[in-house]
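Peer 1: Protein chains in written order, with the working numbering: chain A, 1 to 154; chain B, 1 to 141.
Hints are computed from structural coordinates only; laboratory data are not their basis.
Since we're looking at a predicted model, the values are computed, not measured.
Watch out, some of these pointers could steer you wrong.
[As the list claims (entries may be wrong)] Here are a few chain A residues that sit away from chain B, every Cβ distance over 12 angstroms (derived from the structure): (1) 7; (2) 29; (3) 33; (4) 35; (5) 75; (6) 78; (7) 101; (8) 131.
[As the list claims (entries may be wrong)] Only pairs whose alpha carbons sit at most 27 angstroms apart, straight line, appear in this in silico BS3-like list of lysine-lysine: (9) A:152 to A:114; (10) A:114 to B:129; (11) B:129 to B:30; (12) B:135 to B:49; (13) A:114 to B:49; (14) A:114 to B:30; (15) B:49 to B:30; (16) B:49 to B:129.
A virtual CB, placed ideally from N, CA and C, is assigned to each residue, including glycine.
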Amino acid sequence: MPVNRAFIGREYPASSSYEVGREHIRRFAEAIGDLSPAYLDPAAAQALGHPDVIAPPTFLTVLNFRFATEGPVADPELGLDYSLVVHGEQSFELHRPVRAGDVLTSVQTVTDIKDAGRNELIQTTTEITAADGERVATARSTIVSRGTAAPKES
Amino acid sequence: MASTLSAADVEVGTELPTRTFPIRRADLVKYCGASGDFNVIHWNERTAKAVGLPDVIAHGMFTMALAGRVVTEWAGDPGAVESYSVRFSRPVVVPDDDTGATLDVAGTVESVDGGRAVIALTATVEGNKVLMAAKAVVRLA
């Protein structure tokens with residue numbers, strides 16, 4: 001069944017902030033096998049000019065899942081079957097590195113929903129901001145709902 | 001923050017050290033826990049096959065993260081990466097054995113401008129591209 005196009009333009013501010021912890025950065029870095037001291041050792045991070053350990057460039061994906069139950073994808077009215085979903089595209093624009101101690105707020109906007117052959121593409125943009133209002137990152141994502149496009153009239 | 005590389009060290013065509021990453025089921029389980037993405041297709045073969053996939057597949061974000069290591073390790077300071085984007089062109093199928101899948105990643109400096117290098121990455125499994133249009137921008141010292 002096709003995804004509900006009425007969701008285009010809807011905004012989903014996260015219901016709470018997300019505090020970035022050193023240990024979560026460590027766990028994420030270990031899971032991707034990247035043991036850069038900038039992720040693990042505050043002194044090493046400071047030697048590079050960072051106030052605290054920083055997170056790998058793709059770390060902000062954790063926000064999607066931390067707030068998954070309140071985002072558009074989880075809204076039953078969207079009509080998405082998550083088992084049919086694969087990731088299509090992802091980008092991170094890092095206005096500055098994410099670092100331990102950041103208290104991040106995020107707003108996810110559904111920017112488009114469209115057909116791509118038999119699949120549908122759901123595009124979102126998430127703006128991530130620090131507690132003091134500093135823009136930290138812009139994350140753009142396209143997920144693919146496989147085989148759910150409305151049949152084409154011939 | 002800038003890379004530990006200076007603009008003088010980098011020119012168009014500079015090749016980054018290539019890397020080969022194994023992706024096994026246990027790696028996917030670890031990534032599930034660290035990322036919070038517990039989509040069943042990343043750990044349960046029965047569900048993966050029921051929705052038409054050949055087997056369990058890796059998280060696209062895990063593949064993206066591994067490929068990104070080629071850039072962050074080259075840059076010295078991972079905080080020098082200002083942007084990173086990919087398209088996921090085919091799933092990385094991860095069989096339930098000790099070898100799993102093998103991801104090969106290479107990177108080339110595509111342009112250098114304004115103290116920044118644009119890196120074009122290729123990521124393949126058994127010669128097939130699993131990422132398309134994979135690019136990272138690194139700020140140089």
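Peer 1: State for each hint whether it applies.
Peer 2: We went through each hint and held it up to the structure:
no., hint, result
1, 7, "holds, 20 angstroms"
2, 29, "violated, 8 angstroms"
3, 33, "violated, 7 angstroms"
4, 35, "violated, 10 angstroms"
5, 75, "holds, 17 angstroms"
6, 78, "holds, 16 angstroms"
7, 101, "holds, 14 angstroms"
8, 131, "holds, 19 angstroms"
9, A:152 to A:114, "holds, 13 angstroms"
10, A:114 to B:129, "holds, 25 angstroms"
11, B:129 to B:30, "holds, 24 angstroms"
12, B:135 to B:49, "violated, 32 angstroms"
13, A:114 to B:49, "holds, 26 angstroms"
14, A:114 to B:30, "violated, 33 angstroms"
15, B:49 to B:30, "holds, 21 angstroms"
16, B:49 to B:129, "holds, 22 angstroms"
Going down the numbered hints, you'll see the structure goes against 2, 3, 4, 12 and 14, while the others check out.
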